[in-house]
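> Protein chains in written order, with the numbering used here: chain U, 1 to 176; chain C, 1 to 176; chain D, 1 to 176; chain W, 1 to 176; chain L, 1 to 176; chain Y, 1 to 176.
Don't read these hints as lab results, they were simulated from the structure. Predicted model only: the values in this text are computed from it and were never measured. A couple of the hints might just be wrong.
No distinction is drawn between identical chains; accordingly, a pair holds when it is met within one copy or between any pair of copies.
Here are the simulated lysine-lysine pairs, DSSO-like style, with alpha carbons at most 27 Å apart [as the list claims (entries may be wrong)]:
#  : residue 1 : residue 2
1  : K146      : K66
2  : K175      : K49
3  : K137      : K151
4  : K6        : K159
5  : K159      : K66
6  : K30       : K49
7  : K137      : K6
8  : K159      : K2
9  : K6        : K138
10 : K133      : K110
11 : K73       : K122
12 : K6        : K175
13 : K98       : K159
14 : K73       : K30
Protein chains: 6
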Amino acid sequence: MKQGLKRGLFVGRFQPYHLGHHNAIISALKEMDEVLIVVGSAKQSHSMKNPFTCGERIEMISESLKQANVYAKCFIVPIEDMNENAMWVSKVISYSPKFSEVYTNNPLVKQLFEGRGLKVNKMISNEKHIDGKIIRKKMTTGENWKEFVPKVVAEYLEKINAIERLEAILTNEEKQ
Amino acid sequence: MKQGLKRGLFVGRFQPYHLGHHNAIISALKEMDEVLIVVGSAKQSHSMKNPFTCGERIEMISESLKQANVYAKCFIVPIEDMNENAMWVSKVISYSPKFSEVYTNNPLVKQLFEGRGLKVNKMISNEKHIDGKIIRKKMTTGENWKEFVPKVVAEYLEKINAIERLEAILTNEEKQ
Amino acid sequence: MKQGLKRGLFVGRFQPYHLGHHNAIISALKEMDEVLIVVGSAKQSHSMKNPFTCGERIEMISESLKQANVYAKCFIVPIEDMNENAMWVSKVISYSPKFSEVYTNNPLVKQLFEGRGLKVNKMISNEKHIDGKIIRKKMTTGENWKEFVPKVVAEYLEKINAIERLEAILTNEEKQ
Amino acid sequence: MKQGLKRGLFVGRFQPYHLGHHNAIISALKEMDEVLIVVGSAKQSHSMKNPFTCGERIEMISESLKQANVYAKCFIVPIEDMNENAMWVSKVISYSPKFSEVYTNNPLVKQLFEGRGLKVNKMISNEKHIDGKIIRKKMTTGENWKEFVPKVVAEYLEKINAIERLEAILTNEEKQ
Amino acid sequence: MKQGLKRGLFVGRFQPYHLGHHNAIISALKEMDEVLIVVGSAKQSHSMKNPFTCGERIEMISESLKQANVYAKCFIVPIEDMNENAMWVSKVISYSPKFSEVYTNNPLVKQLFEGRGLKVNKMISNEKHIDGKIIRKKMTTGENWKEFVPKVVAEYLEKINAIERLEAILTNEEKQ
Amino acid sequence: MKQGLKRGLFVGRFQPYHLGHHNAIISALKEMDEVLIVVGSAKQSHSMKNPFTCGERIEMISESLKQANVYAKCFIVPIEDMNENAMWVSKVISYSPKFSEVYTNNPLVKQLFEGRGLKVNKMISNEKHIDGKIIRKKMTTGENWKEFVPKVVAEYLEKINAIERLEAILTNEEKQ
Numbered sequence: 001m002k003q004g005l006k007r008g009l010f011v012g013r014f015q016p017y018h019l020g021h022h023n024a025i026i027s028a029l030k031e032m033d034e035v036l037i038v039v040g041s042a043k044q045s046h047s048m049k050n051p052f053t054c055g056e057r058i059e060m061i062s063e064s065l066k067q068a069n070v071y072a073k074c075f076i077v078p079i080e081d082m083n084e085n086a087m088w089v090s091k092v093i094s095y096s097p098k099f100s101e102v103y104t105n106n107p108l109v110k111q112l113f114e115g116r117g118l119k120v121n122k123m124i125s126n127e128k129h130i131d132g133k134i135i136r137k138k139m140t141t142g143e144n145w146k147e148f149v150p151k152v153v154a155e156y157l158e159k160i161n162a163i164e165r166l167e168a169i170l171t172n173e174e175k176q
Numbered sequence: 001m002k003q004g005l006k007r008g009l010f011v012g013r014f015q016p017y018h019l020g021h022h023n024a025i026i027s028a029l030k031e032m033d034e035v036l037i038v039v040g041s042a043k044q045s046h047s048m049k050n051p052f053t054c055g056e057r058i059e060m061i062s063e064s065l066k067q068a069n070v071y072a073k074c075f076i077v078p079i080e081d082m083n084e085n086a087m088w089v090s091k092v093i094s095y096s097p098k099f100s101e102v103y104t105n106n107p108l109v110k111q112l113f114e115g116r117g118l119k120v121n122k123m124i125s126n127e128k129h130i131d132g133k134i135i136r137k138k139m140t141t142g143e144n145w146k147e148f149v150p151k152v153v154a155e156y157l158e159k160i161n162a163i164e165r166l167e168a169i170l171t172n173e174e175k176q
Numbered sequence: 001m002k003q004g005l006k007r008g009l010f011v012g013r014f015q016p017y018h019l020g021h022h023n024a025i026i027s028a029l030k031e032m033d034e035v036l037i038v039v040g041s042a043k044q045s046h047s048m049k050n051p052f053t054c055g056e057r058i059e060m061i062s063e064s065l066k067q068a069n070v071y072a073k074c075f076i077v078p079i080e081d082m083n084e085n086a087m088w089v090s091k092v093i094s095y096s097p098k099f100s101e102v103y104t105n106n107p108l109v110k111q112l113f114e115g116r117g118l119k120v121n122k123m124i125s126n127e128k129h130i131d132g133k134i135i136r137k138k139m140t141t142g143e144n145w146k147e148f149v150p151k152v153v154a155e156y157l158e159k160i161n162a163i164e165r166l167e168a169i170l171t172n173e174e175k176q
Numbered sequence: 001m002k003q004g005l006k007r008g009l010f011v012g013r014f015q016p017y018h019l020g021h022h023n024a025i026i027s028a029l030k031e032m033d034e035v036l037i038v039v040g041s042a043k044q045s046h047s048m049k050n051p052f053t054c055g056e057r058i059e060m061i062s063e064s065l066k067q068a069n070v071y072a073k074c075f076i077v078p079i080e081d082m083n084e085n086a087m088w089v090s091k092v093i094s095y096s097p098k099f100s101e102v103y104t105n106n107p108l109v110k111q112l113f114e115g116r117g118l119k120v121n122k123m124i125s126n127e128k129h130i131d132g133k134i135i136r137k138k139m140t141t142g143e144n145w146k147e148f149v150p151k152v153v154a155e156y157l158e159k160i161n162a163i164e165r166l167e168a169i170l171t172n173e174e175k176q
Numbered sequence: 001m002k003q004g005l006k007r008g009l010f011v012g013r014f015q016p017y018h019l020g021h022h023n024a025i026i027s028a029l030k031e032m033d034e035v036l037i038v039v040g041s042a043k044q045s046h047s048m049k050n051p052f053t054c055g056e057r058i059e060m061i062s063e064s065l066k067q068a069n070v071y072a073k074c075f076i077v078p079i080e081d082m083n084e085n086a087m088w089v090s091k092v093i094s095y096s097p098k099f100s101e102v103y104t105n106n107p108l109v110k111q112l113f114e115g116r117g118l119k120v121n122k123m124i125s126n127e128k129h130i131d132g133k134i135i136r137k138k139m140t141t142g143e144n145w146k147e148f149v150p151k152v153v154a155e156y157l158e159k160i161n162a163i164e165r166l167e168a169i170l171t172n173e174e175k176q
Numbered sequence: 001m002k003q004g005l006k007r008g009l010f011v012g013r014f015q016p017y018h019l020g021h022h023n024a025i026i027s028a029l030k031e032m033d034e035v036l037i038v039v040g041s042a043k044q045s046h047s048m049k050n051p052f053t054c055g056e057r058i059e060m061i062s063e064s065l066k067q068a069n070v071y072a073k074c075f076i077v078p079i080e081d082m083n084e085n086a087m088w089v090s091k092v093i094s095y096s097p098k099f100s101e102v103y104t105n106n107p108l109v110k111q112l113f114e115g116r117g118l119k120v121n122k123m124i125s126n127e128k129h130i131d132g133k134i135i136r137k138k139m140t141t142g143e144n145w146k147e148f149v150p151k152v153v154a155e156y157l158e159k160i161n162a163i164e165r166l167e168a169i170l171t172n173e174e175k176q
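The shape of chain U in the complex, shown without the other chains (with noise of 0.2 Å):
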């Protein structure tokens, strides 16, 4: 990291990747030079719980930082769960490009890396009310969901036929 550079982290599932998570990161970048944004849990997928690919997620968060213009401005980086939460800053850190700060407002993240001496900085976000638990629902109900989500976001899910995977994904889920 060059002498002076500023970085900030971001850590979600984008499951999908939506408003809030994207409006957090255009506003982070007003005050970080750069910004890496870790993708968790990168080996789930076709759970409820996390229903698209590491690759899958990848395409949409590119997608969206390149119709912004800020995807030169950004590092992703997935990042396999590990079972040791203790470890995970660790983790992070090790895989990650040196960054200064980090960006959360789960306070556990805070209290673990706060542990390690990293500054914490709260995630604005005109979006709060976005989740995506309640995206990945309204999904499967038909109700509507693509307002939530960046338009290249909304495209890609389509193409991809998102919501026969959701729908197959419930029916197994249910079952078990």
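Fit chains C, D, W, L and Y to the supplied structure of chain U, relying on the hints for placement.
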């Protein structure tokens, strides 16, 4: 992947990222619209075979691509090793944005990707004699190694005291 | 796989192996030359969801197939779970002798296999109402469960004190 | 294990180490020469079920045993979970100094150890009503919990800000 | 296992299945009612030590057993490696139908099974000089290897282009 | 950790626990109030590099510490290997009671702990020439090895037939 977009995939461990890698990527970008760079053995570090962390390798790659003004056309996708070679291609497909062609000179990687119906191209580089293993060795014997890596990589490796780390690793592995 | 040989794949956890499974396999053997029986969640045991070990399940399946004189036309292939749904089909392909068709009524399993270009058939059984979860529950409540499994399975479960095990598991899980 | 030496095994997660555990161990030391304390789920932490790290749990246990002047007669053996219940007893045997008897009130644990030919005793404690789950809950609701743990444990938990951690964990898990 | 039924266990990696394996199994079937064939290192493939997938190995073994008219007296049980030798016997017991005796010439395997109270017999084969490692080497050097494997195995290996695979693997491993 | 208490950390595999380890620990206890003994590679056993199980190693260490009347000042903490060197220090921190200083002569271990801000001391032992690898070798060649380990360790290794095990392991590994 947009209609008609050509994306090529590169796989490497990038220990460190050297001019052989760099020139092959620059050269592939003449045929491809975008290039995916898979950082293999993502979780390995601090061994003679894999001295640098995933985060350090992303730093070397991205800085070199930015210097060459091609970062915006690239994806960097770290992937943890799996013990099951027969499924490795499936993991690359699941973790990466969609790609249409693969660049490799390794006959086994070629067989595995062709077995999944993907087109495989020869990787072309004017620096065939450059090899990560040789560079790592030179770093522990005091020989010149900087001429084999992009200038920003040489500077980065100095900044993180790479030589001191390699010497400690070597002592550790010889003792085992 | 010999030229022209037709092999169908079944996937189940077989906790326990019941008449729903058994009849569907017998029925598929009218269309197929051979049947592959994948024993999923192979490493799980001693939980309400998966009370029996892999070895015990192979014992129940093979004994039933031998009674029905079809063991020689079947393969029993235990597979450990993997945490990555997107790669699960690749694991089944890598662990199993070659197969040409799949039998399933699960829409997600159907999507995943079709995504790899395999033909998927509906699983036909006259005992649609038979379900492992219900059988396991009946075993802990003293209800009749033996009519839902092949006779040799009922005898086997008695011999290994299955009810006593299920009761201990239930107490253990309720306490957690 | 010296000829004639009697060693009893206890298994727990010790989240946190409470008087129910403590009194049962003190009581077993009247029948046994030495006691082995297996700290289960060793790698879990920062969840409602397992809030404390392995190191923190060893600290609570050892400090309590030292206060009671019995530390020198005990072994503390942390063991990571395994996904295979059928093999868990083998893991305990392989990780622990040799033992001759087991103390547990869990019927499944009893079955598994007896299946390997080990003698299983009932765990006796005057504090049957004490339970880790209840203590953890009390810690997040402001109820009195200190009376259920050894005094040194209460002091330790205050020092590491356990309540603040539990509150952050709870917020995190509710959001998932 | 029915009263009085004698079942013997064989362990191998079967890379490939050769006449040494085959004759020992045929010979054991003179003493045993049934034979269990554990396919070790089930998840390994595409390396010089383990070139063939689990599915390919099951294909070779089952086809040979069918030719010899003994398939119906055998079980083929693939088992993934575990990193813990002390627990490996427990894994074999948990994954396999019940068995009473073990066939092996390996002194460590003998010690581990005897440590669990199982009877261990010497494996008898007239083809002691046959060895998987030597066969794999011959396949890459153009020497005659077909005489060391059952005829159906030789045909199968030709059909899946085994030699081409082994050559690619060798190039790959030499480069590492 | 109580205010002002000094705790030093030792890491070893203890295959077997020898006088080099023992004297260094006794010597550190002159500077430290308590010593933490991390038993690395806890899950490995039955290989030439790691012949003894975790339980057997705890037995050797604790018996030696008891003979030297220092057991009550020590913690024995087994830790399973992880594949990620960059996070290994985090694992040690998470599994161990709190410690303030580290004892090691390994330059890589030194770098990793210093990178987390911990003080690292040189390990002092009068028996620098003692080495586990050499002892294990002597045990298979009939040379004298007992003089290099505490007397109770020599007796214990005889009791568990260690030499017979090492010979079986050696035969097994040579055959691979």
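> Please go over all the hints and tell whether each is borne out by the structure.
Consistency of the hints with the structure:
In the homo-oligomer, the alpha carbons of K146 and K66 lie at most 27 Å apart inside one protomer (19 Å), although the nearest pairing across protomers, at 34 Å, exceeds that limit. In the homo-oligomer, the alpha carbons of K175 and K49 lie at most 27 Å apart both inside one protomer (16 Å) and across protomers (12 Å), since each shortest distance falls under that limit. For the homomeric pair K137 and K151, the shortest alpha-carbon distance inside one copy (19 Å) is at most 27 Å, but the shortest distance between copies (44 Å) is not. When the C-alpha separation of K6 and K159 is checked against a cutoff of 27 Å, the pair qualifies only between copies, where the shortest distance is 18 Å, while the shortest distance within a copy is 37 Å.
For the identical chains of this complex, K159 and K66 are intra-copy neighbours only, at 19 Å inside a copy versus 31 Å across copies, given an alpha-carbon limit of 27 Å. Proximity of K30 and K49 under a CA criterion of 27 Å is satisfied in neither setting, with 31 Å inside one chain copy and 40 Å between copies. Proximity of K137 and K6 under a CA criterion of 27 Å is satisfied in neither setting, with 37 Å inside one chain copy and 34 Å between copies. In this assembly of identical chains, K159 and K2 lie within 27 Å of each other by CA distance solely across copies; the values are 10 Å between and 40 Å within a copy.
Taking the shortest alpha-carbon separations for K6 and K138, neither the intra-copy value of 37 Å nor the inter-copy value of 34 Å comes in at or below 27 Å. Proximity of K133 and K110 under a CA criterion of 27 Å is satisfied in both settings, with 22 Å inside one chain copy and 25 Å between copies. Taking CA atoms no more than 27 Å apart as the test, K73 paired with K122 passes inside one copy only; the shortest distance there is 20 Å, against 31 Å between copies. Taking the shortest alpha-carbon separations for K6 and K175, neither the intra-copy value of 48 Å nor the inter-copy value of 30 Å comes in at or below 27 Å.
When the C-alpha separation of K98 and K159 is checked against a cutoff of 27 Å, the pair qualifies only between copies, where the shortest distance is 13 Å, while the shortest distance within a copy is 35 Å. Proximity of K73 and K30 under a CA criterion of 27 Å is satisfied in both settings, with 11 Å inside one chain copy and 23 Å between copies.
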